[in-house]
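J.: Sequence order for the protein chains is Y and B.
So the first sequence is numbered by our numbering: it starts at 1 and just counts up by one.
So the second sequence is numbered by our numbering: it starts at 1 and just counts up by one.
Quick caveat, the hints were computed from the structure, so don't treat them as lab data.
Don't take every hint at face value.
[As the list claims (entries may be wrong)] If you want the ones that stay clear, here's a sample from chain Y, every Cβ over 12 Å from chain B, calculated:
| # | residue |
| --- | --- |
| 1 | His33 |
| 2 | Phe128 |
| 3 | Ser129 |
| 4 | Ala133 |
[Stated by the list, open to error] Listed next, with one range per pair, are the computed distances between beta-carbon atoms:
| # | chain 1 | residue 1 | chain 2 | residue 2 | range |
| --- | --- | --- | --- | --- | --- |
| 5 | Y | Ala132 | B | Glu12 | 16 to 22 Å |
| 6 | Y | Ala132 | B | Arg189 | 55 to 61 Å |
| 7 | Y | Asp29 | B | Arg186 | 20 to 26 Å |
| 8 | B | Gly26 | Y | Ala28 | 45 to 51 Å |
| 9 | B | Arg36 | Y | Ala36 | 42 to 48 Å |
Everything numeric in this text was worked out from a predicted model, so none of it was measured.
We put the CB at the ideal spot given by N, CA and C, even for glycine.
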Amino acid sequence: MLNCTDFNDRLWDEDCRCALAGRGPVPADVAVHRDACSACHQAWTEAADDLATLPHLLLVPAPAALQARLQRGMAERLPPSPALDWTAGIVWATIGAVVALAVAGEFPAWIAGLGPLCLSLVGASLAFSASAARNALREALG
Amino acid sequence: MAGEPAGVPDIERSRDRELARRCLAGDGAAQRELVRRFTALVWSLCIRAGLPETEADDVCQETFWRAFKALPRFRGEARLSTWLCTLALRRIADHRRSPARRDLPAGAASDPDFPQPKGPPPPSPESGAALSQRRQRVRTALAGLAEPARSVLVAYYLGEMPVGEIARTLGMPEGTVKTHLHRGRRALREGLRELC
Chain Y
1 MLNCTDFNDR LWDEDCRCAL AGRGPVPADV AVHRDACSAC HQAWTEAADD LATLPHLLLV
61 PAPAALQARL QRGMAERLPP SPALDWTAGI VWATIGAVVA LAVAGEFPAW IAGLGPLCLS
121 LVGASLAFSA SAARNALREA LG
Chain B
1 MAGEPAGVPD IERSRDRELA RRCLAGDGAA QRELVRRFTA LVWSLCIRAG LPETEADDVC
61 QETFWRAFKA LPRFRGEARL STWLCTLALR RIADHRRSPA RRDLPAGAAS DPDFPQPKGP
121 PPPSPESGAA LSQRRQRVRT ALAGLAEPAR SVLVAYYLGE MPVGEIARTL GMPEGTVKTH
181 LHRGRRALRE GLRELC
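Only chain Y is shown next, with the shape it has when bound in the complex (with noise of 0.2 Å):
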């Protein structure tokens, strides 16, 4: 069972802080405690109070100017996605795979021989190393 000093400790935990906002059940042994000590009693209603205006009181708002240069830099600072492209992906190796099969008559022929499969993932491959050293250049010059 908590003691005073336990509790006030408490109140401060997420759990607690969800009941105060009334977001969630209070926690068993707050709940406890709370309803046999009419101090800690006063306390949760003044935490539950507090919780509800401070936030509004302590903010601040923002100028309007600096809103403004944050949505223009926004656009400009945004790293590109670290997902795979997979379109720009497949029009590449599309063309990887032309390319491939343009000069695979300068190739040996057992090379030759592979088949069309072969010759795409060979120009999939070149079409993605293309694609990363133009991101890696992208990201060198800033």
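Once you've looked at the hints, dock chain B against the given chain Y.
T.: For chain B alone, kept in the frame of chain Y given last:
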């Protein structure tokens, strides 16, 4: 218990994840929404931590630039507000340690030698006189607290950061964070009570 933002509805976190994903995909509306939702939060952290407006402006921008850069690594384990507050608190702490600030006054605003601010910021149009007066009381009470108590209080109430996260970010034990919260809340309540 205090480390994880327990009880935060999953829907809020998944909404934050979705917002981050859309921002990264180049969705202009999502990018505007992110800035609109969180500028006041980061700005308030800077101002309530006692930074003058020009420095708060710099720190606020730097926080957002770092956030934009780190957005691909945002996994949504915490809410965006908590994540941004963590970045802002680190930036504020770094800024205080920076050589450019070494000539600036340190300590609590209640110290006799500490320069006083020129005056309260103009109230926003939507706030009434009573709200403005309460804000002013809170501001005065907050100014009477020394760092890191101010940052702890603001991070908890405004940034909705869990005690464990505040402790990790500011490099102090959770018990110390709770002590700052106890004292700070009492000071704010007393400041507001004088108003009644």
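J.: Please go over all the hints and tell whether each is borne out by the structure.
T.: Evaluation of the provided hints:
1. His33: His33(Y) is indeed farther than 12 Å from all Cβ atoms of chain B, at 16 Å.
2. Phe128: holds (20 Å)
3. Ser129: holds (22 Å)
4. Ala133: holds (20 Å)
5. Ala132(Y) to Glu12(B): 16 to 22 Å: violated (36 Å)
6. Ala132(Y) to Arg189(B): 55 to 61 Å: Given a distance of about 58 Å, which is inside 55 to 61 Å, the answer is holds.
7. Asp29(Y) to Arg186(B): 20 to 26 Å: holds (24 Å)
8. Gly26(B) to Ala28(Y): 45 to 51 Å: Cβ of Gly26(B) to Cβ of Ala28(Y): about 48 Å, so the range 45 to 51 Å holds.
9. Arg36(B) to Ala36(Y): 42 to 48 Å: holds (46 Å)
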